[in-house]
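Peer 1: Listed below, chain by chain, are the residues.
Number of protein chains: 2
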Amino acid sequence: MRKLARSLGVTAPALYRHYESREKVLHEVVGEAYRTFAQYLYGALEGQSPEERFSMTGRAYLRYALEHPQYYEVLHISPALAGLEELPEEVSAQACAAGQFLVDRVREAIDAGILKQGDAEAVAKTIWAHSHGLVSIYHRGLLRMTEAEFRRFFLESSWQLMWGIGSDEFVRSRDLEAKEAALREVGIEAGVAGE
Amino acid sequence: MRKLARSLGVTAPALYRHYESREKVLHEVVGEAYRTFAQYLYGALEGQSPEERFSMTGRAYLRYALEHPQYYEVLHISPALAGLEELPEEVSAQACAAGQFLVDRVREAIDAGILKQGDAEAVAKTIWAHSHGLVSIYHRGLLRMTEAEFRRFFLESSWQLMWGIGSDEFVRSRDLEAKEAALREVGIEAGVAGE
DNA sequence: GCAAGAAAGTTTACACTGTTAACATGACTT
DNA sequence: AAGTCATGTTAACAGTGTAAACTTTCTTGC
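If you read the sequences in order, they're chains S and X.
Position in the first sequence (first residue = 1) + 8 = our numbering.
Position in the second sequence (first residue = 1) + 8 = our numbering.
Keep in mind the hints are simulated off the structure, nothing from the lab.
Hints are supplied without guarantee of correctness; some may be wrong.
Any copy will do: because identical chains look the same in the list, a pair fits if it lies in one copy or spans two.
What the hints assert, rightly or not - Distance condition first, Cα-Cα at most 20 Å in a straight line; then the derived EDC-like pairs of lysine to aspartate or glutamate:
1) Lys124 with Asp176
2) Lys32 with Glu97
3) Lys11 with Glu93
4) Lys32 with Asp176
5) Lys11 with Glu97
Please put together the full structure from these sequences, using the hints given.
Peer 2: As structure tokens, then:
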């Protein structure tokens, strides 16, 4: 708190005029991280078809994770480790909303015949876990990749999962050709972003 | 440190006779978490075939995550958040060793025709991310499942991934029948463990 | 235009933290 | 028996989150 106050050009107790406690400040940060996350996700609603909204959701997730690594980490901190008792209900509600958003995109994709028929919630959890796991180990530097390499790997790994959860027709329609094209596209994007 | 000392029936400065600093104590805990993890993993070498060793590795990972949730969390803490500068090289070496173990099991499975031909490291990373992601969101209570449900879901979700990374022959040989049998088995195991 | 009060800051103080220095004590070595 | 070493103690220091009391500055109603 003292360090934060100094960086604001103020003494520590002044902060308590605006926030009840250190805990409340941290809650605010977590809330901001969730709001930003929601903005990224909701951008996927611009997609014109279930398939586009589904894939845009994945891309939005990746963009958020790479453009806001600290927010991303905040989203996944165990409250106990940050010295917090528990997150306020308002915040965990945002987590649920984000989860529901993904479930909705999955259900839409199932109905459109892109994903196999089945439990949308379970599939959403699988996708979520896979994506989060990738980002999590990348952020800890355990993947030993540049960001561009990771973007490519994220897509490649997601395709492997897609071959398990995608409908037979969809998987067949996306042969190696399509996959390679997508990889090239990401490679170009990553190259431009790296300039 | 004071709390730890009290729980040992000793005053705080006594700890400094055995550990240079709080940081060194935490390093020790992380080291212990890794050693325990390694024991679980290496148990999978008892398997009699590549397939058995591969699947035992997955089960060992899940058992470790569920039987030692705090150690598991320790393994995935960002050092900065725990107030640590950086992990000692000895510890990150253990992380690499665990990663290599999984790569070896994957390579073996590829050679045995269980997994699709391809980059073993990439496949290993995909499996790792998927498993870690599942455990990570389960441990934070975001899955809203009992442990028994989670064990079942973990297996189910892993099968979805297997359909993407498994070889065509292997996937065909494991039809729904086999999958259901495996689910039943885990259900029984979980039931027994829950008594 | 000015007193009243709210908003936002300050200083001081307290209990708690990791850590060090100085000192005590019991157990081995020689 | 003397000396050293391992292991503990107490007292103290700087740094932390936070509360209380006091000051300043801005807004607002008459």
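Peer 1: A separate judgement is required for each hint: does it hold in the structure or not?
Peer 2: Comparing the hints with the structure gives:
1. Lys124 with Asp176: Result: close both inside a copy and across copies, 7 Å intra and 18 Å inter.
2. Lys32 with Glu97: within (13 Å within a copy, 36 Å between copies)
3. Lys11 with Glu93: between (22 Å within a copy, 18 Å between copies)
4. Lys32 with Asp176: The answer is neither: 49 Å in one copy and 53 Å across copies each exceed 20 Å.
5. Lys11 with Glu97: neither (28 Å within a copy, 30 Å between copies)
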